[in-house]
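Let chain P serve as the given structure and place chain S on it in line with the hints.
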Amino acid sequence: MMQSSDSKETAREIVAPGDLLDDTGKEPGPGTYAEGKKIFAAQLGIKTVRSNVVGVVPLAGRYIPARGDLVIGKIVDMSASSWLVDINAPWPSPLHVNEVPWRVEFGETKKFMTTGDVLLLTVLGFDEYMRISVSMKDHGLRKLTGGMILEVSPSKVPRLIGKNGSMIQMLKNMTGCRIYVGQNGRIWIDGELDSITKAVSAIKLIEDEAHNLGLTEKVKKLLEGHSSQGA
Amino acid sequence: MGGTPTDLKLIDENGRRLDGRLPDEMRPLRIEAGVLKRADGSAYVEWGNNKVLAAVYGPRECHPRHAQNPTRALVQCHYNMAAFSVDDRKRPGPDRRSQEISKIISEALTHVVFTEYFPRASIDVYIEVLQANAGTRCAGLTAASVALADAGIPMRDMVASCAAGKVANTVVLDLGKEEDNFGQADIPVGYVPRTDEIVLLQMDGDLTLDEYKKGLTMAVEACKNIHEIQRDALRRRYQAKSMEVPIVEPAPAQQEGA
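Protein chains in written order, with the numbering used here: chain P, 1 to 231; chain S, 1001 to 1258.
Isolated chain P, as found in the complex:
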């Protein structure tokens, strides 16, 4: 099983927690842990070797916030000076009134947004106790109205976006939908009903086969097939 340890991503090697990945003195990357010179997988995923770093791209897992992530959150509660937003993470994340583009008086949070509203947010950061803070004060961040929300596993998001956004760009171009992909696995889609249906089935395909090669072609075929059937 270890024949191709030196070559770069020749085969997609699936590793389980505890599998030995490297003992030649490389750097441990994400999804791994090191003991001395040995690097082991910490997560179920696909082994990746880039120059000097050995990492594991996870195949599953909850969303763990990172600074600067674009996420789609849903308001679950309100207080006098903040909204509590569910961003699909293991921890609650409050959106403080200072982090919205309006001036909100104390106790008037309800006048602006209420429970159930869906927001496009960015993760400002978190402390050692994982108290997360999110913001809606950047370009393009706003309350999302209309459209629909789709949830995929957060581990599939990089594949859905593609290299430099190639996959999602193709999806947008070929379906004509407006799409936002949150790093937390939530996707907002708006457009014509037919094109939403098309986009949803393409996203489902990407989620199911995120670990396989030649995905872009498959998605392209699916989208083209749909449009020819629809005509």
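Hints listed in this document are in silico derivations from the structure and should not be mistaken for laboratory results. The reader is advised that the hints may include incorrect statements.
Here are some of the chain P residues that sit facing chain S, going by a computed Cβ distance under 10 Å [stated by the list, open to error]:
1. P101
2. V104
3. R131
4. H211
Derived DEER-like restraints, expressed as beta-carbon distance ranges [claimed, not checked]:
5. P/E151 - S/Y1117: 21 to 27 Å
6. P/R131 - S/D1210: 53 to 59 Å
7. P/R142 - S/R1089: 54 to 60 Å
Just so you know, even glycine gets a beta-carbon here, dropped at the ideal spot from N, CA and C.
Then chain S, alone, in the frame of chain P:
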């Protein structure tokens, strides 16, 4: 031992056990990962006549709040036997036995999970015994480890678990139901192959020190095999997926929107 029926021969003249196994043979084990769609991770284990299902949720917010640890995640295991898992109906609900098993499995798993990555959170493991035939805590722990890995939870290694024991004055591996009921001792072992650590060890019955050592060695060796089966189950989950029959989903409606 008290309740042994006099005509029950646990080991015959050829050294074979009731089900034809040799003393160091394990019952057939089959593991399937990712069997439940709604849980974050899951596994199904068939081990002899044991049928055990494990599901993992999390890391997620810990409830009750006072149980939270500000620096680490909690691994909370809930072991439960189905009413129909044994010959006489098992009275449903938690009892002393299942509380004990939940506790020891939680502790065994806490040892391998990187709990420090998820302060204040909780990782919930649910083990459902659908059919019991001795060794369900080992089957449960084995299944729970696979379910945790399937949920993408960072961990040092998977825990493999197997029991050894003493039956008809012989040290044997992986006791079956009759051997457990009428045998002399039972030692369940939870083992972490990579670090060569034991994270679960219990003993029910009497053994000499030599017998104990022999049994433990046998169980540890078996755990190494079980660990391979666990890894294989996880790998198969993703290799077989492309051949899976696609599930026909109803056309998405708009009611999910904002």
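The hints, checked one at a time:
{"no.": "1", "hint": "P101", "verdict": "violated (18 Å)"}
{"no.": "2", "hint": "V104", "verdict": "violated (21 Å)"}
{"no.": "3", "hint": "R131", "verdict": "holds (9 Å)"}
{"no.": "4", "hint": "H211", "verdict": "holds (6 Å)"}
{"no.": "5", "hint": "P/E151 - S/Y1117: 21 to 27 Å", "verdict": "holds (23 Å)"}
{"no.": "6", "hint": "P/R131 - S/D1210: 53 to 59 Å", "verdict": "holds (55 Å)"}
{"no.": "7", "hint": "P/R142 - S/R1089: 54 to 60 Å", "verdict": "holds (57 Å)"}
The earlier numbered hints that this structure contradicts are 1, 2.
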